[in-house]
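Undergrad: Sequence:
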Amino acid sequence: MDGITLRVLDGCDRGRSYPNLRTPITIGREEGNTIQLNDERVSRFHVKIQEDNGHLVLTDLESTNGTKVNGEDVQLRILRYGDLITIGRSVLLFGSREQIAERLYRLRNAGGATEAPTQHPGEGSDPSPLEFELNWDASELGPSMHLLEPPPLPDRLSPAQAAQLAEMLEYFHVRLRAILASGRTAPEEEQRDPVVLELPRWQSLIELQARLSEYLRQIGDPEA
Numbered sequence: 001m002d003g004i005t006l007r008v009l010d011g012c013d014r015g016r017s018y019p020n021l022r023t024p025i026t027i028g029r030e031e032g033n034t035i036q037l038n039d040e041r042v043s044r045f046h047v048k049i050q051e052d053n054g055h056l057v058l059t060d061l062e063s064t065n066g067t068k069v070n071g072e073d074v075q076l077r078i079l080r081y082g083d084l085i086t087i088g089r090s091v092l093l094f095g096s097r098e099q100i101a102e103r104l105y106r107l108r109n110a111g112g113a114t115e116a117p118t119q120h121p122g123e124g125s126d127p128s129p130l131e132f133e134l135n136w137d138a139s140e141l142g143p144s145m146h147l148l149e150p151p152p153l154p155d156r157l158s159p160a161q162a163a164q165l166a167e168m169l170e171y172f173h174v175r176l177r178a179i180l181a182s183g184r185t186a187p188e189e190e191q192r193d194p195v196v197l198e199l200p201r202w203q204s205l206i207e208l209q210a211r212l213s214e215y216l217r218q219i220g221d222p223e224a
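Numbering (our numbering), first residue to last: 1 to 224.
Keep in mind that the hints were calculated from the coordinates and are not lab data. No residue lacks a Cβ here, since even glycine has one placed at the ideal position from N, Cα and C. Don't take every hint at face value.
With beta-carbon atoms standing in for the labels, derived distance ranges [stated by the list, open to error]: (1) 98 with 152: 13 to 21 angstroms; (2) 23 with 107: 18 to 26 angstroms; (3) 72 with 40: 18 to 26 angstroms; (4) 20 with 65: 47 to 55 angstroms; (5) 65 with 221: 35 to 43 angstroms; (6) 208 with 80: 39 to 47 angstroms; (7) 40 with 174: 39 to 47 angstroms; (8) 201 with 161: 27 to 35 angstroms; (9) 167 with 23: 37 to 45 angstroms.
In silico lysine to any residue, SDA-like type, Cα no more than 25 angstroms apart, as pairs [to be verified]: (10) 68 with 23; (11) 68 with 200; (12) 68 with 16; (13) 48 with 19; (14) 68 with 204; (15) 68 with 174; (16) 48 with 61; (17) 68 with 164; (18) 68 with 109; (19) 68 with 54.
Can you build the whole structure from these sequences, using the hints too?
TA: Structure below.
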């Protein structure tokens, strides 16, 4: 199985990325964890992720404040690329951009979608980039929008300019956090007037927040 990537979207460690981790993985506040979070609401050893029979399984290690996956309280959960893991005040995104893109690609083809248009940047059956998958059916944006790449951060900013840019990004980050926190999955019998987002749209919001959290860390701590 490929290495696991976890990206911190929110909390004191937001913007940090932990690529190509090998199972088993533990996340907690104490030294000795694979990922140590600076979050007082995270238990010393909070969760464990391990491989079992081809699945990646998250287990809450009897933490004080519990664990959520995609907004739902869990004790034991099979993880899928693109899942949001909330422990304490920290939110982690499970999977690299490539792994999430591959999942969206497989779901799209499993759903009987037509072949991608001629602007498809991949070859043969190779999964396409995340930007393409997130916008693959956004025909109202026009074909050229499929291949947009995020702009780089401006360089040579003065301290005042960096503070202004951080304030702007913080505004978007907080707004996105509120949107993501409002999402819930409910059993079918409880689905009354549900708010539903298609997976690519939901993943697009998550990916935007991930990029913003990385920008904020780069501005606030350029040496990190």
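Undergrad: Range hint 18 to 26 angstroms: satisfied by the CB atoms of residue 72 and residue 40?
TA: The hinted range 18 to 26 angstroms holds for residue 72 and residue 40, with Cβ atoms some 23 angstroms apart.
Undergrad: Residue 68 and residue 23: Cα distance at most 25 angstroms?
TA: holds, 20 angstroms
Undergrad: Given the hinted pair residue 68 and residue 54, is their Cα-Cα distance within 25 angstroms?
TA: At roughly 22 angstroms apart (the allowed maximum being 25 angstroms), residue 54 and residue 68 satisfy the hint.
Undergrad: Taking 18 to 26 angstroms as the stated bounds, is the beta-carbon spacing between residue 23 and residue 107 within them?
TA: holds, 24 angstroms
Undergrad: Do the beta carbons of residue 40 and residue 174 sit within 39 to 47 angstroms of each other?
TA: Hint violated: Cβ distance 21 angstroms, outside 39 to 47 angstroms.
Undergrad: Is the hinted pair residue 68 and residue 164 satisfied, with a Cα-Cα distance of at most 25 angstroms?
TA: Between residue 68 and residue 164 the Cα gap is close to 33 angstroms, so the pair fails against 25 angstroms, i.e. violated.
Undergrad: Is 35 to 43 angstroms respected by the C-beta to C-beta distance linking residue 65 and residue 221?
TA: This hint is violated: roughly 26 angstroms between Cβ atoms.
Undergrad: Regarding the pair residue 68 and residue 204, is the alpha-carbon distance no greater than 25 angstroms?
TA: holds, 20 angstroms
Undergrad: Cβ-Cβ distance between residue 208 and residue 80: within 39 to 47 angstroms?
TA: Because 20 angstroms falls outside the window, the suggested range is violated.
Undergrad: Check the hint pairing residue 68 with residue 109 against an upper bound of 25 angstroms on the C-alpha distance.
TA: Between residue 68 and residue 109 the Cα gap is close to 29 angstroms, so the pair fails against 25 angstroms, i.e. violated.
Undergrad: Just to be careful, I want the Cα atoms of residue 48 and residue 61 compared with a cutoff of 25 angstroms; is the pair within it?
TA: Holds: residue 48 and residue 61 sit about 7 angstroms apart, inside 25 angstroms.
Undergrad: If you check the beta carbons of residue 98 and residue 152, does the distance land in 13 to 21 angstroms?
TA: Holds - the Cβ-Cβ distance for residue 98 and residue 152, about 20 angstroms, lies within 13 to 21 angstroms.
The structure fails to meet hints 4, 5, 6, 7, 17 and 18 from the earlier list, while all remaining hints are met.
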